[in-house]
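Q: Next come the chains, spelled out residue by residue.
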Amino acid sequence: MHGKFDDLGRFTDPSLLILTSLADGPKHGYAIMTDVAAFSGVRMEPGTLYGALSRLERRGWVRPLATAERRRPYEITAAGQEVLAGQVTAMQQIVQVARLRTATAWGA
Amino acid sequence: MRPGQAARLSRVLVGCHPRRWRERYGEELLDVLDQHQASARTVLNLAASAVSTHLDPAYRMEGFSMTRLRRAALISAALAAPFVLFAAFFLYGMWPEHWQPTTDDALGAVAFSPHGAILVTAFGESGDGVDVLWDVTNLSRPRRLSQFEGGEPTALSPDGHTVATIAFSGRPALWNVANPRRPVKIATLPCCDGNLLWGEAFSPDGQILAAAYYDQIYLWDVADPARPRLLRTLDAAVTSPPQAAVGNSLAVPFSPQDIAFSPDGGILASATGTDQVTLWNVTEPAHASRIAAIGGAGDFIQAFTFSARGNLLAAVTWRGTVLVYSLADPARPVRTATVRGLLARARYPGGSSQPDQPTCTTCGPASYAVAFSPDGHTLTVVVAREETAPNDAGRDTAFAWHVTGSGALGAVTVAARDVADSQPFLAPGGRTVLGGPLESSAWHAWALP
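Residue numbers (our numbering), protein chains in the order written: chain A, 1 to 108; chain B, 109 to 557.
Careful, some of the hints might be misleading.
Said to hold, decoys possible - Below 25 Å or equal to it, Euclidean Cα-Cα: the simulated SDA-like pairs (lysine to any residue) are: (1) B:K293 x B:S248; (2) A:K27 x B:R130; (3) A:K27 x B:Y321.
To be verified - Computed footprint of chain A on chain B, listed as stretches where at least three residues anywhere in the stretch have a Cβ under 8 Å from a Cβ of chain A: (4) 128-137; (5) 140-146; (6) 535-541.
What the hints assert, rightly or not - Covered by chain B, per the in silico footprint, the following chain A stretches (three or more residues, Cβ under 8 Å): (7) 23-34; (8) 52-60; (9) 70-79; (10) 85-99.
Simulated from the structure, these hints should not be mistaken for laboratory data.
Glycine included, each C-beta is placed from N, C-alpha and C at the ideal position.
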């Protein structure tokens, strides 16, 4: 997901990145940012992170856990997992078609 | 922006979020900022977040703090200012190459102030166009001053303070452009509803406005433009179009140079859709009368002009014949020159003698502009030949003749340029051709060699 497309802001929907980051266990804000940067190369700014987190929380796709000092971990909910799975399936389909078509067109 | 500065601003911006949001996320966000290396991007991002959270209905309902929102908006504006300035400089750098008003319509009409310092261009449908005022003191670097929705401009008063347009209603309208950055509508002249307005002209002293309609010419006293006074109506009998000449009378295009005062203001010349130029004695406008008619060769007059001394009148016809008349005795004009076959010498884009696509049957053969040089020694006629739509290519061919003292035409020089033109216009002095593409609102000027 890292590359030229990042500049266009495509395929890097913050909500999707956050859900993906939380899929393997609860994380607090800064941990999400570093994790997202590590697996996608997207350097998410705090304003974007918390804007997306508050929307995800309102939709019930993530849930805040008890605060440890000033840090509050977030956990993906069952609904969030379902949404993420749906998104991943849709993206897989896009990837599959893209691979097939680029292979046909470029003979790769 | 220095990191310390960015970190401080970021913290201020966290405080600019709605109260309920801060209570919920403020502490965590500050904690993240403690660990995050803040940059200008972080600051912009938080400013945007503060504004969008305030606009979020979930938080807008409660504790909507205008002062905080205002603070966030001010900080955002301060941050955005350098970018706006940069964009403005960037656009300014592009200015000389592209002068585009906010419409995609073609250049419909232009009017120069007599000394050529101010230019009005109109785009769009006749009578419903956007007019743009330009400072053209330097024609190669026009400065856009303002725009107004006035219709086609057909004349600028000699003092450059008043533009006469064809308003949406089809009536003549006057606009005050004394302050060219703030045009103000002065008056709509009540007359002639439903008639086709052909053109307007100010007398050299700016006191009289002449407007030509299908079969009538109206003379107004516009000494006080806010109170125009109708002085006289002249019957400009329209001869029926010579069918053999054009096949279809509707094919005769609107000619931009169809009414003009002589330089001394004593004669008004009109060519309202006929094969003649009629001369009127307007020394006393309230008692104006017809003194002569010239032409009548069964070929429409498309454009005409007086020489600066007023002793000559040159006209171009529909089929590309140039006629020059001596007006030593205006009651008995004498033809001093006739040049035929201009169309055959004016080529299509690329210099070809045939258009790429078959010419449409209702299209005219060409559009024309004509002007004498200020010393009267040169006569310039520009012939614009267009390709048929959708191909919008065109070619301007400029013929410049030496004019002898008696009004005969001598040696000719020819210059041509491929353009994307419809109607060409000659700037005062007759050395600069203006035109605009059919499909866009840009215009360009090219200087004759």
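Q: Confirm or reject each hint.
A: Hints, one by one, checked against the model:
1. B:K293 x B:S248: Violated, because 29 Å separates the two Cα atoms, which is more than 25 Å.
2. A:K27 x B:R130: Measuring from Cα to Cα gives roughly 20 Å; hence the hint holds.
3. A:K27 x B:Y321: violated (80 Å)
4. 128-137: Holds, because 6 residues of the stretch 128-137 of chain B bring their Cβ atoms closer than 8 Å to Cβ atoms of chain A.
5. 140-146: That given contact holds, which follows from 4 residues of the stretch 140-146 of chain B lying within Cβ reach (below 8 Å) of chain A.
6. 535-541: Three-residue rule not met by the stretch 535-541 of chain B, so violated; n is 0.
7. 23-34: holds (count 4)
8. 52-60: The restraint on the stretch 52-60 of chain A holds, since 3 of its residues have a Cβ under 8 Å from chain B and three suffice.
9. 70-79: n = 3 at 8 Å, threshold three: holds.
10. 85-99: violated (count 0)
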